[in-house]
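Asker: Whole structure, please, built from the sequences with the hints as guidance.
Letter by letter, the chains look like this.
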Amino acid sequence: MQLQTQTRPRLLSVLVMEDRIDAASAIQFKERMRDLTQTADGRVVLDLARVMFLDSSGLGAIVAVKKLLAPDRVLELSGLTPTVEKVFRLTRMDTIFTIHPSHEVAVSHAASA
Amino acid sequence: MRPAPDLDLSVQTLHLVLAADPDSVRDGLARILALPPLTGLSDDDRGTAEVVLAEVLNNIGEHAYAGGAGTVEVTLVPVMAGLDCLVVDQGVTMPGNQPPTGRLTVGPETPVPDLPEGGFGWHLIRVLTQDLAYARIDGCNRLSFTLPNTG
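Note that the protein sequences, when read in sequence, are chains A and B. In terms of my numbering, the first sequence is numbered consecutively and its last residue is 113. In terms of my numbering, the second sequence is numbered consecutively and its last residue is 151.
Hints are computed from structural coordinates only; laboratory data are not their basis. It should be emphasised that the depicted structure is a prediction, and the values quoted were computed from it without experimental measurement. Beta carbons: idealized from backbone N, C-alpha and C, even for Gly. Any given hint could be a false lead.
[To be verified] If you only want the chain A side, here are some residues facing chain B, beta carbon under 7 Å, derived:
no., residue
1, Ala24
2, Ala49
3, Asp55
4, Leu59
5, Val63
6, Ala70
7, Thr83
8, Arg89
9, Thr91
Answerer: Structure below.
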């Protein structure tokens with residue numbers, strides 16, 4: 001599970017470098033995210049622009065990361081591809097997460113906040 | 001018997017046997033997606049098919065075989081309305097002899113600590129398929145459904 005991070009003041013960006021988060025990789029994703037977020041503070045933006053496929057295990061892992069960060073920190077998402085967007089919408093998880101159209105928008109959102 | 005003509009949809013029927021563990025499901029999905037009849041679908045419908053098949057197959061590995069070894073037979077038949085799917089395994093019967101309802105219990109007001117980390121799979125299967133049917137026959141689970149063409 002390849003994840004690339006960028007740190008800004010009060011903002012950690014995590015870019016998923018894989019094309020899927022599925023039952024075969026969900027546990028590893030969750031563990032890597034827990035490790036990566038431990039040393040930073042502030043918002044976490046997870047960029048999913050390269051992720052073409054997400055199943056219910058992958059979705060559960062993303063929810064788990066949100067719960068790990070709460071209540072002090074939020075997990076936001078960016079760059080949902082069509083199938084990933086569909087999974088979020090049909091499970092109503094699009095109402096639970098702040099979802100930005102792109103990573104750039106997510107970062108500028110932070111700057112104006 | 002003469003071979004079926006190329007235009008006969010039945011020649012695009014795909015039959016695949018795969019192991020039900022997550023890595024084999026991932027590999028099996030990649031093979032299924034690269035072959036007819038899936039290659040004939042729109043990007044949107046292919047995405048839907050991958051989600052549904054991933055949920056069905058991983059559920060079998062996780063529940064019917066409870067994480068142990070087992071195989072699944074997948075048959076995909078293109079029809080006018082979409083794709084008829086039959087998935088057969090030899091694992092334990094479904095609880096209550098029927099597929100789970102997959103009812104979502106989450107909404108915008110759900111507190112973060114109460115958010116579910118699972119239970120999405122059957123909801124996705126049910127909203128994305130039509131004519132879902134389950135039968136336990138001769139020690140096998142037979143789940144059939146149609147993935148509708150949406151264009």
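Asker: Each of the hints needs a verdict: does it hold here or not?
Answerer: Each hint tested on the structure:
1. Ala24: 4 Å, holds
2. Ala49: 16 Å, violated
3. Asp55: 4 Å, holds
4. Leu59: 6 Å, holds
5. Val63: 5 Å, holds
6. Ala70: 4 Å, holds
7. Thr83: Result: holds, 4 Å to nearest chain B Cβ.
8. Arg89: It is violated, given that the least Cβ distance between Arg89 (chain A) and chain B is near 10 Å, above 7 Å.
9. Thr91: It holds, given that the least Cβ distance between Thr91 (chain A) and chain B is near 5 Å, below 7 Å.
The structure is inconsistent with the numbered hints 2 and 8, although it conforms to all the rest.
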